[in-house]
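Q: Since each chain sits alone in its own frame, please combine them into the complex, following the hints.
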Amino acid sequence: MEFETVIGLEIHVELSTDSKMFCSCSAGFGGEPNTKTCPVCLGHPGSLPVPNRRAVNDTILLALALNCDITGCSIFHRKNYFYPDMPKNFQISQYDIPISSGGTLEIDMGEYTRTVGITRVHLEEDTGKSVHVGESGRIHGAEYSLEDFNRAGIPLAEIVSEPDLRTPDEARKFMQLLHSTIRYLEISDCKMEEGSLRCDANISVAVDGSMGTKVEIKNMNSFRAMHRALTYEEQRQRRTIRDGGEVVQETRHWDDARGTTSPLRSKEEAFDYRYFPEPDLVPLEPDEAWVRELREGLPELPGDRVRRFVSEYGLSREIAETLTGERALADYFEDAAGKGQDPVAVAKWIAGDLGALLNDAAVTIQSCPVGTGGLSELVELIDGGVISGKMAKDVLKEAFETGNSPRLIVEEKGLTQIADESELDTLVDEVIEENPGAADDMRDGKEQALKFLMGQVMKKTRGKANPKAASDIIRKRLT
Amino acid sequence: MDIINLDALAIAESIREGEISAVDATTAFLERIREVEAIVNAYINVSYEEAARRAEMIDAMLAEGRDPGPLAGVPIAVKDLLSTRGFTTTCGSRMLENFVPVYDATVVGRVGEAGMVMLGKANMDEFAMGSSTETSYFGPTRNPWNPDTVPGGSSGGSAAAVSAGEAPWALGSDTGGSIRQPAAMCGIVGMKPTYGLVSRYGLVAFASSLDQVGPMARNVGDCAALLGVIAGHDPMDSTSIPAEKVDYQGRLDGEVRGLKVGVVKEISSRGIDEGVLERFRAAVSKLEGLGMEVGEISLPSFEYALSAYYVIAPAEASSNLARFDGVRYGFRASAEGEDIWEMYDRTRSIGFGSEVKRRIILGTYVLSAGYYDAYYGQARKVRTLIVKEFERAFRTYDVLVSPTTPSVAFRLGEKVDDPLTMYLSDMCTIPVNLAGIPAISLPCGLSEGMPVGFQLMGPALGEATVLNVAYALESELGFDQRPPIGRS
Ligand SMILES: [Zn+2]
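Protein chains in written order, with this note's numbering: chain G, 42 to 520; chain U, 64 to 551.
Pulled out of the complex, with its shape left as it was, chain U reads as follows (with noise of 0.2 Å):
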């Protein structure tokens, strides 16, 4: 059986089944994590032996007849910034190269109860600040599809982890884009959840208000059994929602028929290229072709969500990375003969990669006496705007659509030294976020050979709708979504 082109529920269903093992399923993995790793690098670092250990426990517990979970023995990549008890969380720093957490993140604990094996932690642009995944510390991720090109980012290790078969699925987390963006350049399906569906405990914060960790996967299905799993209220995350748990995944029938679909005028035309918009006009002629009623919205804040992100994104890190000071925990710059600021100094100089201190220094200077009101305070108002327009637009429409990115993935190196244009790559995705929406990007074709997504968005708690959307074009469109790597 090829075991690491099945999806994730199906390499469920055969361990059930007694058709494979979980080591069997473990092993596969492992051993196409050996094969291709050198060209892609989507982890930082593999548990060899710590998964094939569990894949040996959920076995014997097979064997015994007890229940290891409903999802027992299907591996999984993690973005490296969930904390994993005693396993390297690195976040892409060399602040935390060998930081050795001593607590899971929720949600690592919740795939953990539903019988999954944790196959290592994926590459990621450092502390999730970027979209390529080249500011990652230990080195870029390259894209399954073209290994000249990035991955996207920030979640570019877990995006090309299930692209090229090196996991049938991930966690990854989503701050402006990066679950979608980097989903989407490898042609992969990843949903970013409502802001508080998912808890953020574990996961070390990039920008609070903002992240969320969401499910990356081969398809919708397993997106929503994923999603399934890790959502759900945390007692520990005071801005988790009690809401009641849903069967995202049982809910799943394709009838879509008569609900409105909204094309976002301002994030579906202009910076957009050619290619993608017209994979993405083709997507939408087919929501028409499944009885979905289309029309174009128009939301003008739009045009100010990339600078709101770039003054609130950048205000919340500053204050979550003053943690890394070299006092407790991480990386500490020698300090002799110093006296502690030449130590912080040193050790976040030294620490930290250069777009992570651009992204401080920016923060620190927006929050400042004086500046508050014209950068921090303005921005939060351009926020409270997107909300109200998404808001209205829902009282209209049951989703909304756009493309997930301008463009299909870049060339390393072509942006990582013009961090504008960079930041540009996310200005369909980062209003989402802003307004604490959920929202989906699955693959609707290929333009110059590289996959396109297509990003389905819809209002707070609406992922059962937004994902039953996708489910339905999913079919219609039957993309083929493997890539070449690895294949002769």
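So that you can see chain G by itself, here it is in the shape it has in the complex (with noise of 0.2 Å):
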């Protein structure tokens, strides 16, 4: 049997519009409980909905970072379910005439790129919050549930795929590649464990060519979490057909704690949504000029970038990747790297070390107090021989707890590596003198004898000399 897994996305982000979709209450993060909120995202009886020009703005501006065409004119359904976190028992969203269709997103694997197609990116209303109260924690058998309809209303832009996926690294790329490209166009936060980025998996096992039967995954709350949840589903998927057994249309869920997914409900228990078109809204007709702006508008995505990086500054793929994950970091890069140094070497440095400070310190790079002058005067002083790369690290430490210039460091310290060759000439000339043996064997042809010699010379010097002109030295006198 010859398995091969199919997987597609349906990916949420709530925009960071000031306001909600259809009303002018505040679309911000936190808030007391059901302060955010007034008759409209209540569902008050008589209240209508007037859609928000800036989420309309947003999600036509993505729909272009993924190279869908704009719907001239599309309308708005209503998706009609009960559940208490749901104002109007209805949701107000997008059906068969969404605001954009007919995408793509490339993704580079390394060995391979592969065209993800994009069905659709439309928009839509959030529900708000509901906390079961009770020992299941879930709706059924709860106490009691609260309900908070701060989020109630916020503008969601719905991503679906094309089942164009093949493997869980795959899907994983994909999101870091949206979770960028979104990023860069600042239209959301989308912060997953934060809930403003959600995504659920269809994934399904097709034998020898023939199709699989579709299984929904919910719950992954995290780019790690789809990873494990989609790898689980498909060796369990696989496990079920080797095993003669048949896989069941169903949405199931996923137990980060269990490392499992669960059945959710089946296909019989799937809600009939009803849609219709909501009479309560005009068709949505961005004007042609509107689109052609923001198409010119579009900023350099990060699918490009990583290109550009690679052709244009001779970084590896993957270096490329880390510094185009977020457009102020790859910002800083370019920056950094148009100061004249090596942009390889600036390039390893930012994705490095100072990446590392930045994590631990739990710092923006937009804040970084190493500026892009301090990170291209650090490599030059590594490049002119000044201090070496393993000072270079201390430095660059020092520069970002006390937001010093590298050079201002290594000054105040005296930290410049010898370099000085007769200074150095002298050093040797000690080495030699204290470590005859050592010498002896160098002379021999013993190549272990230079490593220690020069582990002396650092020691004489705590570490100051330059070790490529010390070797140098040393080679010359013993050999």
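It is worth saying that the hints were derived from the structure and are not from the lab. Be a bit skeptical, because a hint or two may be false.
[To be verified] In silico negatives: residues of chain G with every beta carbon more than 10 Å from chain U:
{"#": "1", "residue": "N130"}
{"#": "2", "residue": "D313"}
{"#": "3", "residue": "L342"}
{"#": "4", "residue": "D394"}
{"#": "5", "residue": "L399"}
{"#": "6", "residue": "E452"}
{"#": "7", "residue": "E462"}
{"#": "8", "residue": "G478"}
[Unchecked claim] Quick look at which bits of chain G chain U covers, simulated, 3 or more residues with Cβ under 8 Å:
{"#": "9", "region": "49-55"}
{"#": "10", "region": "81-92"}
{"#": "11", "region": "118-125"}
{"#": "12", "region": "175-182"}
Computed from a prediction, not measured in an experiment: that's the story for all the values here. All C-beta atoms, glycine included, are put in the ideal place defined by N, C-alpha and C.
A: Shown next as structure tokens:
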């Protein structure tokens, strides 16, 4: 049997607009429960929705970034089902005529690239938040439930991918690229932990080229959880098929603590949403000039930027992907690289040590205490042989902590590497004199002796000797 | 002065001229309400104290030389599905028996800005679903012309209040005839404006694509004036038309010579009572007498209008009424030891009356997977055909006419257990809502001692012409619209 995994994703992104999708309530995160509400987002009798232009704008922007076609006249539909966190017991969403469709996102897996189809990007409203009090923690069997409608009516962009992904790795890569793309557009916080980015997956396993049964996975709250859930589910389905069983069409819940999926509801239990056109809204008709303006204003997106960093700066794909994950980080790199030092070295320091410092201190690149000038200076000090790579690590750390420039730190601490030949000559002579045995070994061509002698030179200089210059002198003397 | 027999504009003028005070006007109507409500039951809640306070405030403003609005001190009845801040809004349902809204409907705000005084909230069929005001949780309203008959519906309370002198005018809402049909049965004037002319913000939705708020009054002049107050773009309603304000009342000149009138064949013959037809035909000849050209027009899709309506309206209603679930406001059945699904079931089973439940079930069914295309999809196609037929008709005719209802007011209880017969009483009015065009009903005489309504329809935003023809016909007919109730 030959298996092929088929994965499609459905992603929800909370747009960070000032106000909600259909009313003027604040869309900001947090706040005392039910303080960011009004008759519209509480579904009071007689209230009516008025679309948020900014949300439409941001959704079009996202759709354009994913190479979608923008629909000239799209329609809102009502999705009907009862749930206590939904004030109207229907959600205003889009159905057969979404705001955009037919896009692509290309992911680079190293050995190959894959172009993933984007079925559609559409606009809808979020629901409120329920806390079910009781042993189960779910609505069934709850003693009572608490409802917070602050999130009810927040604009949500929904992205649906074609079932073009073939491995959990590809799915994770897709989500990472989508995440950075959305961040580049500055339309959402995109935090999976806070729920501003959510992902459901459809996964099936095709056997010998014939289509498998689709299973929907919910409750994957991080990239890691998604990867684990898909890997688990892929194995579960393969095992089921191999054991002669049949995969059931259903929705399954990922339990991150247990590392397993379990059935949530079967196909038979699936809701009939009774979609019909929302009569309280008129069709959405973004004029061409608006769409053109948005298209022309699109920033360079992460996928393109990776390709350019590889070709223009000679970076490896991995390091280019790390640097382009955040727009500000990529901007930082380009600014630093533009100051005349070797871009590969600059990239290495940003992605490596600086990245770790930022991470440990939980500081964003925007408020990094080491400016692009300082970073370039650091690389210049290394390249000029003033300090060693090892010393540079400490200098960077100090620069990060104090905000002082690397050059100043090097000077103040007398850290300058001893590269002066005459000074080193004297030092090497002393070491040879003090260690005649090793010197003899070196003369006999034993390379280990060089290491020992270098160690002695470093010890004498407390690591300040330029290693290359020192070893050159030792070789000159003893061979 | 016999204030309750003055029309609304005359009351406004008397207050402006200082002949009577706002308090005089309000007190007169509140007294009349006390006198006849036991029979008529036109109101669900009367705002005795609030109205008196507001009238005093208006008098105070007038005394200080401030402007309380062009219609200062004129009382008004408001159908109880228009949201009124701080004042119970029940929609005629147990579900909202004690519901007090936190905001005013746009139209309620507009009548307030014009200086009017709300007398109370008028009775109606539950959630506007009905044609007789018998489905109200708060008991039926009786027709002032004969208390054994219904006032029509769903705006039966508004119509009866105006007819019985319990208000000079009123706000109603019309989804399939809910203003025009009770106006016809109670012998008053009622207009359904073009869809989108009047804001629906704060109108508790029955069928969003069909609902429209409109004026109900004793004569065409008042009707035009009240329309002028409530019409106009509202940014809170996405379906509101950004049209310019029109002075409908100022444009009434009765000059209709040469205008073309089309008698709609499909709703002016078959299924109409002979007495109604007689009055209708007499009125049509009056139009001819006014120098209008009368012709007959066939609109074949009308045959399907009722069916399409009873798919579209319940479909939208099933979704609109989903929010009444006992979670956030309104009635909640006791929830001891139940889960939420049981709470939903019990709340909605007890909170809604049988006609509302019938339509929710119907609407849920027609939107269900596998049935959508056969019902809802088809109904929308019929709707498109009706829109096109009207458009074609208005290329030839300036206005179209028909009787408003197939019969005069029927007896209480006569049709309440026979929904299909009840639904037929809206056969003449429903096509207008499906097409979104304006139409007015005005009294054109009596049959068996009960008023007969004459319906005039116009093209979208053709209110001024419709009103002017109605105005001319009204003067020609010289109908005395006072019912016998409360008179010795
Ligand atoms: Zn709100």
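Q: Please go over all the hints and tell whether each is borne out by the structure.
A: Going through the hints against the structure:
With a least CB separation of 4 Å from chain U, N130 (chain G) falls inside the 10 Å interface cut-off, contrary to its annotation. In this structure D313 (chain G) is not separated from chain U by more than 10 Å, as the shortest Cβ-Cβ distance comes to only about 5 Å. Annotated as non-interface, L342 (chain G) keeps its C-beta farther than 10 Å from every C-beta of chain U; the closest such distance is 33 Å. In this structure D394 (chain G) is separated from chain U by more than 10 Å, as the shortest Cβ-Cβ distance comes to about 54 Å.
Every beta carbon of chain U lies more than 10 Å from that of L399 (chain G), the smallest distance being close to 45 Å; the non-interface claim holds. Once the 10 Å rule is applied to beta carbons, E452 (chain G) is consistent with being away from chain U; the minimum gap is 65 Å. Against the 10 Å criterion, E462 (chain G) stays outside the reach of chain U, whose nearest CB is about 81 Å from its own CB. No Cβ of chain U approaches the Cβ of G478 (chain G) within 10 Å, the least distance being about 87 Å, so the stated non-interface status holds.
With 0 residues having a Cβ less than 8 Å from any Cβ of chain U, the region 49-55 of chain G misses the three-residue criterion, and the hint is violated. Check result for the region 81-92 of chain G against chain U: holds, 10 residues qualifying (beta carbon to beta carbon below 8 Å, three or more required). Under the rule that three or more residues need a Cβ within less than 8 Å of chain U, the assignment of the region 118-125 of chain G holds, with 4 such residues. Taking a C-beta to C-beta cut-off of 8 Å, the region 175-182 of chain G contributes 3 residues in contact with chain U, enough for the three needed, and the coverage statement holds.
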